[in-house]
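**Q** Okay, here's what each chain looks like letter by letter:
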Amino acid sequence: MTKPKEDRSARFLRHLEPLQSALEAYARRSVHDPNSVEDVLQEAVGKAFRDFQLYAEGTNFRAWIFRYLNLEIYAGNRSFHRQRHEALEEPIAEDIWEQTIEAPLIERLLDHPERLLSHCDDALAKAIAELGPLERSVLLLRAIGQFKHREMSDILEVPMGTIMSALSRARARLRFTLAEYAQEHGLLGPQSLQNPK
Amino acid sequence: MNCDEVRQHWELYYDSEGDSEVYLQINEHLAACQGCAKWFFQQAQFEDGVTAKLAAAQPTAELWRRVLSETGAAQPVAARGWSFFSPFFALAASLVLIVGIWQFRAPSEPDHLFALTATLHERIFDGSQRVEFASASDEAVEGYLKQRVSFHVRCPPRKDAGFEVRGGGVCTIAGDSAAYVVGQVESKDVSIFILPAERLAKFDHEREVLSREAIHHCREGKYEMVLAKIDHNIVVVIGKGSPEQLERVVRAYGTYPDVRPAQVNDRPRAA
Numbered sequence: 005m006t007k008p009k010e011d012r013s014a015r016f017l018r019h020l021e022p023l024q025s026a027l028e029a030y031a032r033r034s035v036h037d038p039n040s041v042e043d044v045l046q047e048a049v050g051k052a053f054r055d056f057q058l059y060a061e062g063t064n065f066r067a068w069i070f071r072y073l074n075l076e077i078y079a080g081n082r083s084f085h086r087q088r089h090e091a092l093e094e095p096i097a098e099d100i101w102e103q104t105i106e107a108p109l110i111e112r113l114l115d116h117p118e119r120l121l122s123h124c125d126d127a128l129a130k131a132i133a134e135l136g137p138l139e140r141s142v143l144l145l146r147a148i149g150q151f152k153h154r155e156m157s158d159i160l161e162v163p164m165g166t167i168m169s170a171l172s173r174a175r176a177r178l179r180f181t182l183a184e185y186a187q188e189h190g191l192l193g194p195q196s197l198q199n200p201k
Numbered sequence: 618m619n620c621d622e623v624r625q626h627w628e629l630y631y632d633s634e635g636d637s638e639v640y641l642q643i644n645e646h647l648a649a650c651q652g653c654a655k656w657f658f659q660q661a662q663f664e665d666g667v668t669a670k671l672a673a674a675q676p677t678a679e680l681w682r683r684v685l686s687e688t689g690a691a692q693p694v695a696a697r698g699w700s701f702f703s704p705f706f707a708l709a710a711s712l713v714l715i716v717g718i719w720q721f722r723a724p725s726e727p728d729h730l731f732a733l734t735a736t737l738h739e740r741i742f743d744g745s746q747r748v749e750f751a752s753a754s755d756e757a758v759e760g761y762l763k764q765r766v767s768f769h770v771r772c773p774p775r776k777d778a779g780f781e782v783r784g785g786g787v788c789t790i791a792g793d794s795a796a797y798v799v800g801q802v803e804s805k806d807v808s809i810f811i812l813p814a815e816r817l818a819k820f821d822h823e824r825e826v827l828s829r830e831a832i833h834h835c836r837e838g839k840y841e842m843v844l845a846k847i848d849h850n851i852v853v854v855i856g857k858g859s860p861e862q863l864e865r866v867v868r869a870y871g872t873y874p875d876v877r878p879a880q881v882n883d884r885p886r887a888a
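Residue numbers (the numbering used here), protein chains in the order written: chain A, 5 to 201; chain B, 618 to 888.
If a hint is listed, it holds; no wrong ones were tucked in.
From chain A, some residues computed to sit far from chain B (all C-beta separations above 12 Å):
| id | residue |
| --- | --- |
| 1 | His85 |
| 2 | Thr166 |
| 3 | Gln187 |
As a list, the in silico SDA-like pairs of lysine to any residue whose alpha-carbon atoms are at most 25 Å apart:
| id | chain 1 | residue 1 | chain 2 | residue 2 |
| --- | --- | --- | --- | --- |
| 4 | B | Lys670 | A | Glu21 |
| 5 | A | Lys51 | B | Thr677 |
| 6 | B | Lys763 | A | Thr63 |
| 7 | B | Lys670 | A | Pro22 |
| 8 | B | Lys655 | B | Ala778 |
| 9 | B | Lys655 | A | Ala176 |
| 10 | B | Lys763 | A | Leu17 |
| 11 | B | Lys670 | A | Leu138 |
| 12 | B | Lys655 | A | Arg112 |
| 13 | B | Lys670 | A | Glu42 |
| 14 | B | Lys670 | A | Ser25 |
| 15 | A | Lys51 | B | Arg683 |
| 16 | B | Lys763 | A | Gln57 |
| 17 | A | Lys130 | B | Gln675 |
| 18 | B | Lys670 | A | Met168 |
| 19 | B | Lys763 | A | Pro22 |
| 20 | B | Lys839 | B | Glu803 |
| 21 | A | Lys51 | B | Pro676 |
| 22 | B | Lys846 | A | Glu118 |
| 23 | B | Lys655 | A | Glu111 |
| 24 | B | Lys670 | A | Leu128 |
| 25 | B | Lys655 | A | Glu118 |
| 26 | B | Lys846 | A | Ser172 |
| 27 | B | Lys776 | B | Leu641 |
| 28 | A | Lys130 | B | Gln662 |
| 29 | B | Lys670 | A | Arg112 |
| 30 | B | Lys846 | B | Thr789 |
| 31 | B | Lys857 | B | Ala831 |
| 32 | B | Lys805 | B | His834 |
| 33 | B | Lys846 | B | Leu641 |
| 34 | B | Lys670 | A | Ala129 |
| 35 | B | Lys670 | A | Tyr185 |
| 36 | B | Lys670 | B | Glu628 |
| 37 | A | Lys130 | B | Asp665 |
| 38 | B | Lys670 | A | Arg140 |
Quick caveat, the hints were computed from the structure, so don't treat them as lab data.
Beta carbons: idealized from backbone N, C-alpha and C, even for Gly.
I would like the entire structure built from these sequences, with the hints used as guidance.
**A** Here it is as structure tokens:
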């Protein structure tokens with residue numbers, strides 16, 4: 005005769021296991037104190053397991069558990085900055101990042117992105133860290149969690165329109181930052197003479 | 618739509634969000650405008666590269682062992698009585714491994730994705746492989762697949778793309794799980810195989826063609842095939858339909874946004 009607790013653990017692990025790499029990757033890129041990634045994951049998974057009876061089988065477990073993780077990341081980052089007597093990051097004013105996607109620098113980047121992408125791990129990490137908190141969250145949830153706008157809206161508890169504009173800003177800022185990096189390090193392709201239109 | 622309008626929507630297109638009518642209009646424009654098709658390809662190529670870098674990670678086994686142990690979610694460790702049997706289990710495991718290796722080395726599987734999916738398509742439609750979940754509802758098939766695979770899958774093509782769904786399921790391609798959807802296009806049997814995009818690393822030929830073309834057409838034996846990368850999936854459509862019909866099916870994959878009510882349960886308690 006199976007024990008109810010074993011069934012619950014087995015069910016929870018069955019849902020959790022395919023998501024471990026995504027949860028860990030998201031935590032590593034979101035947590036400001038790299039030494040607290042494990043603590044954040046432990047708190048999130050622990051609370052999710054405690055609340056597992058609230059989860060309805062067949063519904064969106066991925067979004068459900070990412071919400072727990074996001075809350076713990078926010079709490080952990082707030083605590084980290086409080087201990088260092090720092091203010092939690094302020095969102096960067098939008099007008100700084102009004103770079104259109106047709107900017108020549110970015111065009112050259114897109115012509116030969118492989119040169120940059122094979123040499124940009126540190127630059128990418130820095131560019132992600134420099135995004136505003138909401139922009140960073142939606143970019144990472146989209147890239148790592150593969151979430152749709154509606155799911156991100158539920159996880160982060162912000163309207164879908166805000167999600168869409170934050171994601172768009174995040175992508176534009178990331179491209180501009182990486183294009184600048186590529187230019188500084190000679191990783192851009194030659195200037196194109198053709199107008200793609 | 619003109620080029621400027623189309624390019625303004627590229628993010629919604631890339632993310633497969635928004636109105637399906639807009640999506641179809643963009644597809645029509647891209648089919649006719651090489652400049653925009655190249656532009657869209659470049660945007661997607663860059664985003665895919667960044668996404669691959671951000672998502673590339675294997676879970677740290679030791680970290681997760683500690684996390685699950687501390688949270689109480691891990692399965693209880695086997696009691697000491699089991700250690701008596703462990704040599705027997707080791708022997709059994711070795712026998713299974715030997716048999717597995719023998720089976721692996723016996724008839725060798727083709728290593729092209731095209732050949733593998735063509736074989737599966739034939740087995741499904743000659744009855745050798747039963748369709749796991751039979752349904753004429755694209756929403757039901759989508760829901761079934763989302764519960765059965767750990768990677769992201771999108772909605773099957775709808776009827777207005779000419780595709781009449783008949784069911785779906787999970788299969789194995791080159792040792793890994795893949796999703797499949799079966800149906801018909803103008804009474805001709807069509808299969809759609811869906812893999813996570815990172816699996817493309819296993820298939821040199823298909824990876825090479827997709828680095829040059831957003832959508833690739835080919836023929837494998839008696840079947841027409843179309844290969845594309847859509848959202849976070851590699852999608853192979855195979856059947857006896859015309860290349861244009863199959864391309865319409867692949868472009869319609871995942872075009873419908875999730876219109877179901879949010880399915881996230883009770884909100885977790887904040888710290």
